[in-house]
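Start from chain A and add chain B according to the hints.
Protein chains: 2
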Amino acid sequence: MADAVTPPRGMRDFLPADKARRERVLAIIRDVYRRHGFDEIETPVLEDSARLHAGLGGDNEKLAFAVMKRGLSVTDLHAAAEPLELADLGLRFDLTVPLARYYATHRAELPSVFRAIQIAPVWRAERPQKGRYRQFVQCDIDIVGESSIRAEAELVLASLDALDELGLSDAIVRVNDRRLLFGMLTDFGFAPEDFDAVLITIDKLDKLGPEGVVAELGERTGSAAAIEAFRAFLMRPQTREYLPYSERAIRTALPEGADPDVVAELVALGTAVAAGRGSGAEVPLRFDPFLVRGMGYYTGPIFEVAHPSVPYSLGGGGRYDGMIGRFLGDDVPATGFSLGFERLVDLVDVPDESGADAVALLHDADAPLAELLALKAAVLATGSRVRLAPRIRNTKRQLDELAAEGFTRFAMVGTEALADPTTLELRPLA
Amino acid sequence: MADAVTPPRGMRDFLPADKARRERVLAIIRDVYRRHGFDEIETPVLEDSARLHAGLGGDNEKLAFAVMKRGLSVTDLHAAAEPLELADLGLRFDLTVPLARYYATHRAELPSVFRAIQIAPVWRAERPQKGRYRQFVQCDIDIVGESSIRAEAELVLASLDALDELGLSDAIVRVNDRRLLFGMLTDFGFAPEDFDAVLITIDKLDKLGPEGVVAELGERTGSAAAIEAFRAFLMRPQTREYLPYSERAIRTALPEGADPDVVAELVALGTAVAAGRGSGAEVPLRFDPFLVRGMGYYTGPIFEVAHPSVPYSLGGGGRYDGMIGRFLGDDVPATGFSLGFERLVDLVDVPDESGADAVALLHDADAPLAELLALKAAVLATGSRVRLAPRIRNTKRQLDELAAEGFTRFAMVGTEALADPTTLELRPLA
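Listed in order, the protein sequences are those of chains A and B.
Note that the first sequence covers residues 61 to 490 in the numbering used here.
Note that the second sequence covers residues 61 to 490 in the numbering used here.
Keep in mind the hints are simulated off the structure, nothing from the lab.
Do not rely on the hints blindly, as some may be mistaken.
The list treats identical chains as interchangeable, and a pair is accepted whether it falls inside one copy or across any two copies.
Said to hold, decoys possible - Listed below are the simulated DMTMM-like cross-link pairs for lysine to aspartate or glutamate, each with C-alpha atoms no more than 20 Å apart in a straight line:
no. : residue 1 : residue 2
1   : K129      : E402
2   : K267      : E279
3   : K122      : D148
4   : K267      : D381
5   : K79       : E169
6   : K129      : D108
7   : K129      : E186
8   : K122      : D73
9   : K129      : D119
10  : K122      : D136
11  : K129      : E142
12  : K129      : E145
13  : K79       : E413
14  : K456      : E169
15  : K79       : E461
16  : K456      : D224
17  : K267      : D348
18  : K129      : D148
19  : K79       : D91
20  : K456      : D406
Extracted from the complex, chain A is given alone in its bound form (with noise of 0.2 Å):
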């Protein structure tokens, strides 16, 4: 067969060093999580195709990968008028969705207040592109169950310790509330059927500029009036100046009469966050009242993770409130953060140092079989990770791969050690 070999397009293989660098790092995040509080969950990577395509993913439902009803007949795909007709199953583009089905179908099993943690691939569609992948694996904890400013407060210092502990302690988490966007493009005299198209074109800011928005509303919705407000309260100065989180930061960057008591609670969570991080540290928050977060669901406060290394944004989350109780019938609060794993693990350098002994066994091609197993026996044993490996004639290169595979120690395997283990002699691999 001539063709190229490869895994789909946009999945990727790992190598052995790939993957276990992979697995370290998840390890961590893992182990920060467990440590707050939170409890790992799985649920099956397909969903039923109508409960992904409930309007609940916005635009990633259109990325959803579909999978087809078994045993259809030619007479079943000549009759459809579209093809998720033929489609029952589909692969999940978020940890969220399926969350919030695995809390309906199990709520009566789980503390009232549930602590998740989904450390799983999801699958999008997307068009491939340097660093965008169609498997990727998200890092998601939730908490279900709490409607107070105390969930924002444990994930949000949850997912810092976890940036923490993988070296990345200049992490910033941008902060905004889905209610004061409603409540500002209310007072802009925006009509809540363009809130959405709105948002879109908002949350372009970083990307078009503020002219750039403003001409992008001009072109999408109807309403000069409430374009006109937001471009004036756009190009005030003290808008987008950023100041330290505090009050007064939040209330010099929204307009006049944004509402007091979701104000009120952002202060309180910077004062959370502060205690939890320790008194002396400065608050790694950042209240910026043109954060959107993309999906449409989220209710209340809303996060994103920035890091000065990079221009892209490593996680968020925010406030769901209302997407349970679409599976349940009864509303149920949470809210999510979730960590951008593949983002995170090309930027982070996580050692191995589990410091465990491997050692290789380089042995002649028709070295005795029962007495070669019965050495490897005798070194594993001892503990010791061990490898056999028929010699090859380049020696130097074997023992730098095995060095770079993470072999600690090796022997060549003659026959006095095949006669009697205990005469094997160990050297060190450099």
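For chain B alone, coordinates are given in the frame of chain A:
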């Protein structure tokens, strides 16, 4: 929504305790395999549809979940001559086809003898029934690039060691060789084109018994003389004696004229496994001339793990030398061994022995947030796991639930501890 909200048919969610238990079992298996010199890899859950349906997966190909092409039009649906035309990807039904594809993709970056661990889910649209799931985890080890029985010996020893560590030290590996099966069928006079059908019937020996197998062969193949030769062999008193593994046992169980080179290899395997297990131990192998293994790709020694406590197999594997050549155009020897994780995890008891301290802080619903989080941070800083838990009316029930979840200590958080974390009094949880 009044409908029951459940995961898709045949698929499962895992509650925190189940998830933790599964991960503990997987960690043990992974650790044993690593110590035996294997390296973990990962492939995407999806493979190109054409590769999954290349004839290597046997009956499992029919059970593959197919993923629809994106952007299909209604015209595409109506022009399709069969459902698979509309699919370009599929969920893997095993880990062997993806490994063969992976090796073909990455051969230049892998050691000449490559020992792979794959611990990952696979998907099959099985008819749901007790103990059969549509998403389930397999634990595979494979050795690629080693044509000698050294590979089989290492796989068997690593698998038995993993089972030992899980407390299943009475496991027995049933052994046969595809070459002996083919030789036997040839000698009896079956036509090569009938071999697959004959083997499918022989594979039912445990279920149908000797008479049942002979009767089914009579319905399936035309050669009365071959069936009679097989019947006569099957009815010999010594054919199914299952003597302790030895050259004599293998020779006794086989018809006259069995390939002496293959017999010698299987004898050497027994000697090697005995040496690897330690001199005093009985060889945990049993030669079974009627072991077939379902997959058509096997070319040499084949295995199945039996355990006295259960009537079903716990895993199995074999040599599949021709398979990688199908992707690479260049034959590479390979052999693999798969443990059926879902069956194992139901069978073994692996208590949590991390011994980690876990503290529950029971607080009033209106406890001041900043102080509460400073208190949590103070306990986290001691290295403990910490969970905040709003106090409920039934304290006994709450403490029982926390203890069941693995929490080891608790405190009733009062104003004193909130003002000064050093005054917190932790009490043991029963």
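Discussion item. For each hint given before, does the structure comply? Return the numbers of the non-compliant ones in rising order.
Written reply: 1, 4, 8, 16, 20
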